[in-house]
Amino acid sequence: MPANPEPAGPSATLPPRAKLAVTAGKVAAAVSRTAGRGSGSVIGGKVALRLDPDLLRSLAENLDVVLVSATNGKTTTTRLIAEALKAAGPVVSNALGANMPAGITSALADGSDARFGVIEVDEKYLVGVAKDTAPKAIALLNLSRDQLDRSSETRMLAERWREGLQGSEAVIIANADDPLVTWAASSCRKVVWVAAGQAYREDAWSCPSCGGVMQRPGEDWFCPSCGFRRPQPHWALQGEHVVDPQGQGWLIQLQLPGRANLSNATSSAAVAAVFGVHPQIALQRMQAVQAVAGRYESVQFGGREVRLLLAKNPAGWLETFTLIDQPPAPVVLSVNALSADGTDTSWLWDVDYERLVGHPVFVMGQRKLDLAVRLEVAGVHFQVVETLAQAVAAAPPGRIEAIANYTAFQQLRRDVRG
Amino acid sequence: MSESALRLVWVYPDLLSTYGDRGNVLVVERRARQRGLEVARIDVRSDQPIPTSGDIYLLGGGEDRPQRLAGERLRADPGLGRAVENGAIVLGVCAGYQIMGHEFIDDMGQRTPGLGLLDVWSTRGEGARNVGDILAEPDPRLGLPTLTGFENHQGVTHLGQGVSPLARVTVGGGNGTGDGTEGAWRDTVFGTYLHGPILARNPGVADLLIKLALDVSALPPADNTWYEALRAERIAAVQQPAQ
Ligand SMILES: [Zn+2]
Chain A
1253 MPANPEPAGP
1263 SATLPPRAKL
1273 AVTAGKVAAA
1283 VSRTAGRGSG
1293 SVIGGKVALR
1303 LDPDLLRSLA
1313 ENLDVVLVSA
1323 TNGKTTTTRL
1333 IAEALKAAGP
1343 VVSNALGANM
1353 PAGITSALAD
1363 GSDARFGVIE
1373 VDEKYLVGVA
1383 KDTAPKAIAL
1393 LNLSRDQLDR
1403 SSETRMLAER
1413 WREGLQGSEA
1423 VIIANADDPL
1433 VTWAASSCRK
1443 VVWVAAGQAY
1453 REDAWSCPSC
1463 GGVMQRPGED
1473 WFCPSCGFRR
1483 PQPHWALQGE
1493 HVVDPQGQGW
1503 LIQLQLPGRA
1513 NLSNATSSAA
1523 VAAVFGVHPQ
1533 IALQRMQAVQ
1543 AVAGRYESVQ
1553 FGGREVRLLL
1563 AKNPAGWLET
1573 FTLIDQPPAP
1583 VVLSVNALSA
1593 DGTDTSWLWD
1603 VDYERLVGHP
1613 VFVMGQRKLD
1623 LAVRLEVAGV
1633 HFQVVETLAQ
1643 AVAAAPPGRI
1653 EAIANYTAFQ
1663 QLRRDVRG
Chain B
11 MSESALRLVW
21 VYPDLLSTYG
31 DRGNVLVVER
41 RARQRGLEVA
51 RIDVRSDQPI
61 PTSGDIYLLG
71 GGEDRPQRLA
81 GERLRADPGL
91 GRAVENGAIV
101 LGVCAGYQIM
111 GHEFIDDMGQ
121 RTPGLGLLDV
131 WSTRGEGARN
141 VGDILAEPDP
151 RLGLPTLTGF
161 ENHQGVTHLG
171 QGVSPLARVT
181 VGGGNGTGDG
191 TEGAWRDTVF
201 GTYLHGPILA
211 RNPGVADLLI
221 KLALDVSALP
231 PADNTWYEAL
241 RAERIAAVQQ
251 PAQ
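Chain order of the listed sequences is A and B.
Residue numbering for the first sequence follows the working numbering, beginning at 1253 and increasing consecutively.
Residue numbering for the second sequence follows the working numbering, beginning at 11 and increasing consecutively.
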């Protein structure tokens, strides 16, 4: 795209300062792209926000904004909601997952004639972005431990959400199966509860309200000390169906694998309904979504089929293990510990690698030796390799499931492109 | 549960399990089984009583509020104290280490009594948080090689006369008192700021706990290939940080 300084679409109705900021942001983004530094969306947003700190607010003013936040699944769910809402009007979205204020600003500045802004937001920025964008709906999917040497504990995040969203006019679409999310949402005025499931429960044994020990019989949960309990859900994921508030079930047919995505689709259907999109229409549209930013993508590499799976934290790894092919499907694990991944690898011990027993496993990445010790203790058979090519050459037949954390995943995507 | 099993008690996984603390439990379990020992692992949630008959007790890390709750519940339960009187082995990491001392600072900034199992007390550091890889040379009486781990804490722990430092820091913060000490120990009770988790990075410490529990001076050999490779890599990485 040439560096066209002429702003288009709704930005034509922006105040002059905002127009200039959008233009400056686009120029910066184009320069960054030309210099080969990625899409330029974040740098563009940063330049624009510096010129006009109210830019995000101005850009959001003419949009029906939906915010999506969670520890896991926010990029995919943002994509599913965006697809579903296209049934009701044009959508602008930060589809590339740039989910902090600069990236969000940049994405919205690109939205020409959009009616909806569907925005993924980093957990730590949710409250601020919600204040700036006056969203019509906010989807809260899950909260669990993530990159612990960088961010605060999950309960503190829930507390920040709870305090910051209290006065929000938005309809909050919240996962009733996640006690921390429920705690965050339960002081809001308008909440749509979704029984979307919770596979990883290790951060949800202590009552977020009083610190009591949570009881979890079956699907239910409650705190015997203070009475905080699971709300009655309006929407539910049941098997492969979304059950709507009228009790009617709708079959979910996604190209994306796994229970976590059924859960994401359920929350997305509940969000779409807020804007009058019928669940059947919403789900049909979601079916079109294939890989999201390369996640779940099956590629050919070294004459073999390799599926690329991203898992950034214990809950994400657990969800990933439930969707991989049965043993003896070969599995490649790659873990890095750059700052974007968190430099502390102790989280490896919170992941149930015992589930990989029976799979031939290959480990790689900067922290392959941490993985080796982890797998040795788990009783999993593994080989340490230097490259994906080595793993693929040594892997027995079958589709290869390659699971990696954040920067290791980016590396795998580069590896398979050759 | 067999009478001859090694009873391994994980104290309050619902509150004290933040930085891969489960790893310490898994490593003790694995290394004991590799030596042909039967292991009975007992996970004790914070609404359950602490058994007094365990051989090894592990307490992990926790953020400020869970640490306060764990301290309150452990003080109300005589189980751990009785176990220590009976000679049980205890390893506390981060919040678990602080709770074993005389007092620590809770999430409201208040001085809160601990269990007094170690003659230490903890305050909150004024400076930057100690976050990162850490290396330390253990007390020679313990017969252990260099300790490697990862620390992440604001707390500062002061040692009294009744304990010895577990190790001397060569890289990292340790107790944060500025005197280069890391952790504390006496008899069968150990406290440390090292996670990593510590036993995965230092299988010698896991073996020490097992030896103390069995009251033996040596264990059959175990395959340490991957542990040694990881240790060598981490020690080298810390000594020559990447540019
Ligand atoms: Zn409660």
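For the record, the hints were derived by calculation from the structure and aren't laboratory data.
You may find that some hints are simply not true.
Stretch by stretch, here's where chain A covers chain B in the computed footprint (C-beta under 8 angstroms, at least three residues) [as the list claims (entries may be wrong)]:
no., segment
1, 73 to 79
2, 119 to 127
3, 194 to 201
4, 214 to 221
To give a feel for the contact side, a few chain B residues facing chain A, derived at Cβ under 7 angstroms [said to hold, decoys possible]:
no., residue
5, L25
6, L36
7, V37
8, E147
9, D149
10, R151
11, G153
12, T156
13, F160
14, P207
Glycine included, every Cβ here is placed at the ideal spot set by N, Cα and C.
Q. Can G153(B) be said to touch chain A, with a Cβ gap under 7 angstroms?
A. Nearest chain A Cβ about 22 angstroms off; hint violated.
**Q.** Interface hint outcome for V37(B) [beta carbon to chain A under 7 angstroms]
**A.** holds (6 angstroms)
Q: Please verify that hint: F160(B), Cβ, nearest Cβ of chain A, below 7 angstroms or not.
A: Check passed: Cβ of F160(B) comes within 5 angstroms of chain A, closer than 7 angstroms.
**Q.** Hint check, R151(B) versus chain A [nearest Cβ-Cβ separation less than 7 angstroms]
**A.** Status violated, d = 27 angstroms.
Q: With a C-beta cutoff of 8 angstroms, work out whether three or more residues of the segment 214 to 221 of chain B approach chain A closely enough for the coverage to hold.
A: violated (count 0)
**Q.** Supplied contact hint for E147(B), tested at 7 angstroms Cβ to chain A
**A.** With a closest approach of 22 angstroms, the E147(B) hint is violated.
Q | Annotated coverage of the segment 73 to 79 of chain B by chain A, confirmed only when three residues or more have a Cβ within 8 angstroms | A | holds (count 4)
(Q) A closest beta-carbon separation below 7 angstroms is what the hint needs, so does L25(B) meet it against chain A? (A) Cβ of L25(B) sits 6 angstroms from chain A, so the hint holds.
**Q.** Claimed coverage, the segment 194 to 201 of chain B by chain A - three or more beta carbons nearer than 8 angstroms
**A.** Not satisfied, violated; 0 residues make the cut.
Q: Answer holds if the nearest beta-carbon of chain A is closer than 7 angstroms to that of D149(B); otherwise answer violated.
A: With a minimum Cβ separation of about 24 angstroms from chain A (threshold 7 angstroms), the hint on D149(B) is violated.
Q: Apply the coverage criterion to the segment 119 to 127 of chain B and chain A: a residue qualifies when its Cβ sits closer than 8 angstroms to a Cβ of the chain, and three qualifying residues are needed.
A: Three-residue rule not met by the segment 119 to 127 of chain B, so violated; n is 0.
Q.
T156(B) was flagged as interface toward chain A. Is the shortest Cβ-Cβ separation under 7 angstroms?
A. Violated: closest Cβ of chain A sits about 16 angstroms from T156(B), beyond 7 angstroms.
When each numbered hint is compared with the structure, violations occur for hints 2, 3, 4, 8, 9, 10, 11 and 12.
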